[in-house]
Amino acid sequence: MDRPLSLDSFPSELVTHIASYLCPVEDSRYQKALSRLSQTCRALRDDLQPMLFRAYSHGSRPVSHLIKFLRAIVSRPDLAAAVTKLTFHQMLDYTTLSTTDQQFIETCITDLGLRPPPVDWHLESEWRHTILQTVVAYTPNLQVLEFPVNEERSLEIFESFPDARNEIIFPRLRTLSIYYYYISGDRWGVDYSQVAPLLEASPNLENLALPTLEGFYEGRSDLPALDSVKTLDLGESASGAFFVVSILTRCTSLRKFTLHWLSSTGYDESHEDWSIAEIWDAMVHAKQTLEEITFESSLDIPLGSPTMHSVSSLAGFMKLRVLNVDGRSLEAMFQAWRLKTGGVDVGEFVEQLLPAGATWLTIWDPNHVLIPALLALAGCRARGLYEHLAQVTIGSSSVFNCWMPRPDWSRSEGLLRREFARVGVQLELEIPYIPPEMLNFMMLGGFMG
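Numbering (our numbering), first residue to last: 1 to 449.
A couple of the hints might just be wrong.
Said to hold, decoys possible - Distance condition first, Cα-Cα at most 20 Å in a straight line; then the derived SDA-like pairs of lysine to any residue: (1) 287 with 245; (2) 256 with 203; (3) 85 with 97; (4) 85 with 102; (5) 256 with 271; (6) 340 with 352; (7) 287 with 322; (8) 287 with 351; (9) 68 with 79; (10) 287 with 191; (11) 319 with 236; (12) 68 with 97.
To be clear, the hints were calculated from the coordinates, so they are not data collected in a lab.
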């Protein structure tokens, strides 16, 4: 007679699969239920307890919660191995850190062979990321890591990774999101040297988001291989042109790129030496894989001086489907096209601008000279070009919000809508209202698009 089924005879994989279905680990609402379930018997405890450590998110809770988590994974390597996702949403507050906790954290750091923090680190605001970095160092199977930074927080524990007694590496880390944390006021850069060891320890990244990085100079700085990165999000960044070009050159498998390029006022280099054309040229290294590009820049960043080798068309970006750009980015490309072809007809430029499979085009803050280009685009669609193009959006950038359109846009709105409707393309045209007194000022020399 067969023995009756019991939890002891169930495969661990089946138990965890059933528990994952009943209590999804990613949903915090089920954490307590999963915890209670793990306490019902020894068999469930052994199988389910590691599940409670798969994902840890730290927001406004006291730092004692994070220290408790750190104590658990340091004492139980099996729990440390189970951690796959760490997300931190705020800067940590150490006002309640006890002497015992302080000494424990210092021991954790030195046990790894990492550089110890200064004696009074727990009293210094710049060391508020010490516990965060220590937790990361003890979780080798991370798949997702997200945390905030700013110029007031040191990442010196990460910087000492190369000194570790045993190599610290995150072979399974696929998503790394480092974002700038601020409430209001000025934003500043983070030195590249602070995040470099983390990038070097993550050889298989696929999704990478970075804040403004400083201190990356030609001949003195280098990036690790980023061949596996598919999504690169630089966000609202004032990172220098050399860094942006360098990282684009490294990401040879890139599918999605995002950059809202800010001027460098207050940072370590001048944006007056930057070039929008340079960024387009750097994207060529991923033209076989790019599917989505979002690229716009501040008005005071130069277009650059195009050469015969500059990007003048995206037709060679065969997989590109979504293009979100500002008018100045297109203007830089148009200048390169004129240099190469000697042409002046914007209609010819538009015919060669996009790959055949493009489906979505957004243009922020366009100059009024793009009105004929848009009409030419509708004409291309009518002739069978860009047959997959489904939507064109024209409007003001949510980042820079500087579009003050000339009256030409309002006068041409009806014609543009009719032409795109005729060829079956949805046109989203949002023209900001400009008060008459401001319009009069702009007619006398203020900025107009």
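Against the structure, the hints:
no.	hint	in the structure
1	287 with 245	holds, 14 Å
2	256 with 203	holds, 19 Å
3	85 with 97	violated, 24 Å
4	85 with 102	violated, 25 Å
5	256 with 271	violated, 24 Å
6	340 with 352	holds, 13 Å
7	287 with 322	holds, 13 Å
8	287 with 351	holds, 19 Å
9	68 with 79	holds, 13 Å
10	287 with 191	violated, 29 Å
11	319 with 236	violated, 25 Å
12	68 with 97	holds, 12 Å
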